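Peer 1: Please work from the sequences and hints to get the whole structure.
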Amino acid sequence: MAPKGLDYELLNENVKKVQYAVRGELYLRASELQKEGKKIIFTNVGNPHALGQKPLTFPRQVVALCQAPFLLDDPNVGLMFPADAIARAKHYLSLTSGGLGAYSDSRGIPGVRQEVADFLLRRDGYPSDPELIFLTDGASKGVMQILSTIIRGPSDGILVPVPQYPLYSAAISLFGGTLVPYYLEETANWGLDVNDLRNAVSQAKSKGITVKAMVIINPGNPTGQCLSEANLSEILRFCYQEGLVLLGDEVYQQNIYQDERPFISSKKVLMDMGPPYSKEVQLVSFHTVSKGYWGECGQRGGYFEMTNIPPKTVDEIYKVASISLSPNVPAQIFMGLMVNPLKPGDISYEQFIRER
Amino acid sequence: MRRSVIGGAKRSSLFLLNQAHRSLHHHLGSSPSSSATALLLLLRRLSSSSASSPPPPNMSNPVTVQSINPKVLQCEYAVRGEIVNLAQRLQEELKANPGSLPFDEILYCNIGNPQSLGQLPITFFREVLALCDHPTILDKAETQGLFSADSIERAWQILDQIPGRATGAYSHSQGIKGLRDTIAAGIEARDGFPANPNDIFLTDGASPAVHMMMQLLISSEKDGILCPIPQYPLYSASIALHGGSLIPYYLDEETGWGLEVSELKKQLEEARSKGISVRALVVINPGNPTGQVLAEENQRDIVEFCKKEGLVLLADEVYQENIYVPEKKFHSFKKVARSMGYGDNDLCLVSFQSVSKGYHGECGKRGGYMEITGFSPEVREQIYKVASVNLCSNISGQILASLVMSPPKVGDESYESYSAEKDGILESLARRAKTLEDAFNSLEGITCNKAEGAMYLFPRIRLPEKAIKAAEAAKTAPDLFYCRHLLNATGVVVVPGSGFGQVPGTWHFRCTILPQEDKIPAIVSRLTDFHKSFMDEYRD
Chain A
1 MAPKGLDYEL LNENVKKVQY AVRGELYLRA SELQKEGKKI IFTNVGNPHA
51 LGQKPLTFPR QVVALCQAPF LLDDPNVGLM FPADAIARAK HYLSLTSGGL
101 GAYSDSRGIP GVRQEVADFL LRRDGYPSDP ELIFLTDGAS KGVMQILSTI
151 IRGPSDGILV PVPQYPLYSA AISLFGGTLV PYYLEETANW GLDVNDLRNA
201 VSQAKSKGIT VKAMVIINPG NPTGQCLSEA NLSEILRFCY QEGLVLLGDE
251 VYQQNIYQDE RPFISSKKVL MDMGPPYSKE VQLVSFHTVS KGYWGECGQR
301 GGYFEMTNIP PKTVDEIYKV ASISLSPNVP AQIFMGLMVN PLKPGDISYE
351 QFIRER
Chain B
1 MRRSVIGGAK RSSLFLLNQA HRSLHHHLGS SPSSSATALL LLLRRLSSSS
51 ASSPPPPNMS NPVTVQSINP KVLQCEYAVR GEIVNLAQRL QEELKANPGS
101 LPFDEILYCN IGNPQSLGQL PITFFREVLA LCDHPTILDK AETQGLFSAD
151 SIERAWQILD QIPGRATGAY SHSQGIKGLR DTIAAGIEAR DGFPANPNDI
201 FLTDGASPAV HMMMQLLISS EKDGILCPIP QYPLYSASIA LHGGSLIPYY
251 LDEETGWGLE VSELKKQLEE ARSKGISVRA LVVINPGNPT GQVLAEENQR
301 DIVEFCKKEG LVLLADEVYQ ENIYVPEKKF HSFKKVARSM GYGDNDLCLV
351 SFQSVSKGYH GECGKRGGYM EITGFSPEVR EQIYKVASVN LCSNISGQIL
401 ASLVMSPPKV GDESYESYSA EKDGILESLA RRAKTLEDAF NSLEGITCNK
451 AEGAMYLFPR IRLPEKAIKA AEAAKTAPDL FYCRHLLNAT GVVVVPGSGF
501 GQVPGTWHFR CTILPQEDKI PAIVSRLTDF HKSFMDEYRD
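Protein chains in written order, with full-length UniProt numbering: chain A, 1 to 356; chain B, 1 to 540.
These are calculated hints, taken from the structure and not from any lab test. Nothing here was measured: the structure is a model prediction, and the numbers come from that model. Quick reminder that beta carbons are idealized off the backbone N, C-alpha and C, glycines included. Hints are supplied without guarantee of correctness; some may be wrong.
Claimed, not checked - As a list, the in silico DMTMM-like pairs of lysine to aspartate or glutamate whose alpha-carbon atoms are at most 25 angstroms apart: (1) Lys16/A to Glu221/B; (2) Lys90/A to Glu131/A; (3) Lys39/A to Glu221/B.
Claimed, not checked - Listing some non-contacts, in silico: residues in chain A with all C-beta distances to chain B over 10 angstroms: (4) Gln114; (5) Ser140; (6) Asn221; (7) Thr223; (8) Asn255; (9) Asp272.
Stated by the list, open to error - The calculated label-pair distances, taken between Cβ atoms and stated as ranges, are: (10) Asn44/A to Asp252/B: 24 to 30 angstroms; (11) Ala21/A to Glu297/B: 17 to 23 angstroms; (12) Leu79/A to Gly192/B: 43 to 49 angstroms; (13) Val325/B to Pro222/A: 39 to 45 angstroms; (14) Glu221/B to Leu26/A: 55 to 61 angstroms; (15) Asp344/B to Ala21/A: 27 to 33 angstroms.
Peer 2: What follows is the structure, given as structure tokens:
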């Protein structure tokens with residue numbers, strides 16, 4: 001029989017090489033056992049709502065109102081929804097170009113990107129350009145977009161921490177690049193030594209691999225460590241010296257459970273370092289609505305912020321984003337609500353704080 | 001562990017270090033002793049770790065256009081390309097200086113985005129989605145007064161299919177099982193042939209599903225995908241991004257954009273003779289940008305062709321609910337294949353559906369699915385694996401996809417209002433399609449095939465030599481030249497035909513039928529006036 005288009009032998013080899021254990025073999029076996037009636041507790045994936053964490057009320061109220069704007073016209077709506085949720089729903093609807101059902105700008109609704117920029121200014125103390133903030137269907141999509149832009153072929157290497165969140169290894173495989181591991185030191189609180197980075201790069205070079213980017217996951221997944229400011233400075237200095245893009249996965253920035261090591265963003269450290277670093281080092285930072293205390297994994301909402309990326313490259317990234325038309329609009333509203341939360345004095349503020 | 005330690009070395013000490021470094025080198029000549037080497041290395045390390053003057057960086061900036069993935073540079077997507085950038089600038093101009101342009105609004109006829117132009121969503125769908133977003137209110141008495149009874153019932157039903165009723169949780173990577181069951185039932189009701197929920201992958205719109213398939217099929221530029229010309233440029237862009245080869249097959253404008261198997265055969269053989277392994281055939285039915293609906297017999301020939309040649313049939317069926325002529329009906333390729341007696345062993349078939357089109361037009365939700373039949377468990381595993389890296393598609397979009405495939409039925413409380421909304425939208429689309437088609441056909445040098453379906457018209461414009469020369473002088477493709485002039489004069493945004501592909505030497509543009517009906521007369525008159533003055537200026 002003639003070979004057929006989707007015969008296993010003819011599949012893209014890069015697809016066959018990919019592995020993603022978070023939903024791999026063990027998970028499938030667990031799902032089978034669950035169907036047989038066994039009680040299974042899934043601690044394999046960062047999916048808080050699936051394990052009983054309740055969604056925050058306020059954002060759900062706002063998005064429900066945006067879904068069904070006819071409610072806003074109903075005189076009884078005030079009986080079911082607080083005034084600030086109603087106001088916020090109207091605010092977000094006015095920012096869209098036709099409600100939740102219209103494709104937005106391919107980079108995301110400009111008004112929401114402005115809210116993200118405002119958040120970043122408050123968080124870091126440095127202004128942020130909404131034109132360099134792209135909303136995505138989850139942070140994972142953003143990571144895939146950036147990696148596919150960087151990776152030309154197998155001689156392009158990406159420094160990835162070990163242990164890592166396997167999105168990185170999977171994406172690098174899919175795009176035909178080479179993962180260059182750097183090992184986090186388990187006995188030193190999963191710390192990072194710049195000499196290890198240097199060695200990794202030179203070893204890669206000796207094998208004909210050009211390392212182009214470095215991934216850090218801060219706070220770490222699966223390791224849970226926060227990088228110190230000193231560590232981040234060293235890393236940024238290293239990236240400057242080696243001409244690497246730093247990819248800062250910061251999706252857990254609101255999951256900090258101790259006071260000794262607060263979260264400091266890579267962008268803040270970079271800007272604090274001043275020129276030439278702050279003007280030269282290329283940085284892409286990723287965030288999401290899936291983690292933190294929001295845990296809205298199912299919405300698929302995220303963004304990336306680009307720093308010191310040349311305008312022509314930004315144009316290319318925009319072009320690729322436009323092929324998928326736009327990120328989903330409800331999640332963009334979740335993102336707006338997350339970065340621009342309720343304030344003391346707002347009607348729903350008390351409840352929001354209690355739930356958090 | 002040793003770490004770089006030096007911080008805050010003063011400039012003067014650095015200068016001295018460098019001096020010492022240089023003179024040591026000088027004295028050592030070409031073969032230094034080992035202790036001198038050690039000293040040299042120490043000096044080098046000391047000077048390079050000084051914080052006050054960073055060492056020169058590796059100047060090969062990793063992310064410039066010279067060094068990024070060349071496939072990114074190659075791909076293009078005109079629907080949101082140059083003409084749209086120009087339109088946005090004009091829109092900003094209008095905002096800053098109202099009255100400064102010969103029109104008072106930009107009309108985006110470049111993109112199939114109905115709700116951005118005033119089309120209203122289907123009430124029942126939005127009721128269910130709102131209840132699923134905020135299930136707390138399902139228990140409240142007031143809800144009964146604000147929502148229809150069947151939307152409340154459907155929301156309960158859907159929530160019961162979601163583990164823990166947690167709409168904020170990642171679902172199964174193919175999408176929530178209960179929703180896939182609903183979609184499979186909907187496919188069966190549509191086609192009369194069963195569908196397996198395990199063949200369904202819910203995705204953030206149909207586009208990511210198309211990307212997934214291209215990724216799977218394409219290993220190198222030796223892998224070819226047959227695509228219609230003209231085509232929706234997701235296909236050309238995706239093939240470019242994944243490094244494959246687009247093998248064009250031309251639709252015949254003379255016969256209402258007919259698809260001839262003889263043309264498929266010809267292109268296939270030519271590609272094979274060049275050493276290309278042709279993996280799949282893309283068919284868009286109803287067509288985009290062309291709007292033709294395939295005749296069933298035509299579809300049978302296509303199925304036969306794919307089976308014989310071992311091609312995967314990639315059936316883009318997102319416009320299945322947009323049919324405006326009574327003599328044509330939508331038949332899914334799966335239905336056609338099954339009615340020919342072909343099963344899973346005979347044909348690899350992928351069908352794409354979306355919530356963005358039809359009468360629901362929910363583009364911003366990013367909902368859709370692909371139904372895959374005819375491939376081995378090993379391949380299905382690979383597809384599942386790739387889907388799992390992104391965890392899952394957005395839940396709200398998944399819910400909407402299930403609603404689209406199982407809308408209210410006769411007897412349901414919302415059926416009447418749902419039906420009225422749906423028919424109203426489809427009848428209006430049919431009227432607008434006809435009005436604009438007639439308008440284009442009345443213009444000098446323009447012919448326009450009927451839009452039997454989808455959301456677009458793709459008129460052909462015979463540009464006078466003088467216009468073509470002027471375009472060349474402006475270093476612009478003639479169709480873009482025309483579209484730019486059109487935009488500048490009328491504020492109407494259309495996409496030049498070269499964004500979709502066309503027979504070389506012919507020029508087209510794609511215009512949507514989506515502006516609200518009350519705006520259509522103004523559009524027609526503006527277009528007519530513009531075209532007349534353009535032809536007056538450039539007539540040979």
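Peer 1: Minimum C-beta separation from threonine 223/A to chain B exceeding 10 angstroms: can you confirm that?
Peer 2: Holds, since 18 angstroms exceeds 10 angstroms.
Peer 1: Starting from lysine 16/A, check that the Cα of glutamate 221/B is at most 25 angstroms away, please.
Peer 2: Cα-Cα ~18 angstroms, so holds.
Peer 1: Going by Cβ atoms, does aspartate 272/A stay more than 10 angstroms from chain B at every point?
Peer 2: Fine: 13 angstroms to the nearest Cβ keeps aspartate 272/A off the interface.
Peer 1: Starting from the hint 43 to 49 angstroms, judge whether the C-beta atoms of leucine 79/A and glycine 192/B obey it.
Peer 2: 47 angstroms, holds
Peer 1: Any Cβ of chain B at or closer than 10 angstroms to glutamine 114/A, or is the non-interface label fine?
Peer 2: 16 angstroms, holds
Peer 1: Starting from the hint 24 to 30 angstroms, judge whether the C-beta atoms of asparagine 44/A and aspartate 252/B obey it.
Peer 2: The hinted range 24 to 30 angstroms is violated for asparagine 44/A and aspartate 252/B, with Cβ atoms some 54 angstroms apart.
Peer 1: Evaluate the condition: distance from the CB of asparagine 255/A to the nearest CB of chain B exceeds 10 angstroms.
Peer 2: 16 angstroms, holds
Peer 1: Checking the smallest CB distance to chain B, is asparagine 221/A really beyond 10 angstroms?
Peer 2: Its Cβ never comes within 10 angstroms of chain B, the nearest being 13 angstroms, so this holds.
Peer 1: So the hint says 39 to 45 angstroms: do the beta-carbon atoms of valine 325/B and proline 222/A match that?
Peer 2: At roughly 57 angstroms between Cβ atoms, proline 222/A and valine 325/B fall outside 39 to 45 angstroms, so the hint is violated.
Peer 1: Determine whether the Cβ-Cβ distance between glutamate 221/B and leucine 26/A falls within the hinted range of 55 to 61 angstroms.
Peer 2: 38 angstroms, violated
Peer 1: Is lysine 39/A within 25 angstroms of glutamate 221/B, Cα to Cα?
Peer 2: 49 angstroms, violated
Peer 1: Given a hint of 27 to 33 angstroms, does the C-beta separation of aspartate 344/B and alanine 21/A actually sit inside it?
Peer 2: 30 angstroms, holds
In this structure, the earlier hints numbered 3, 5, 10, 11, 13 and 14 are contradicted, and the remaining ones agree with it.
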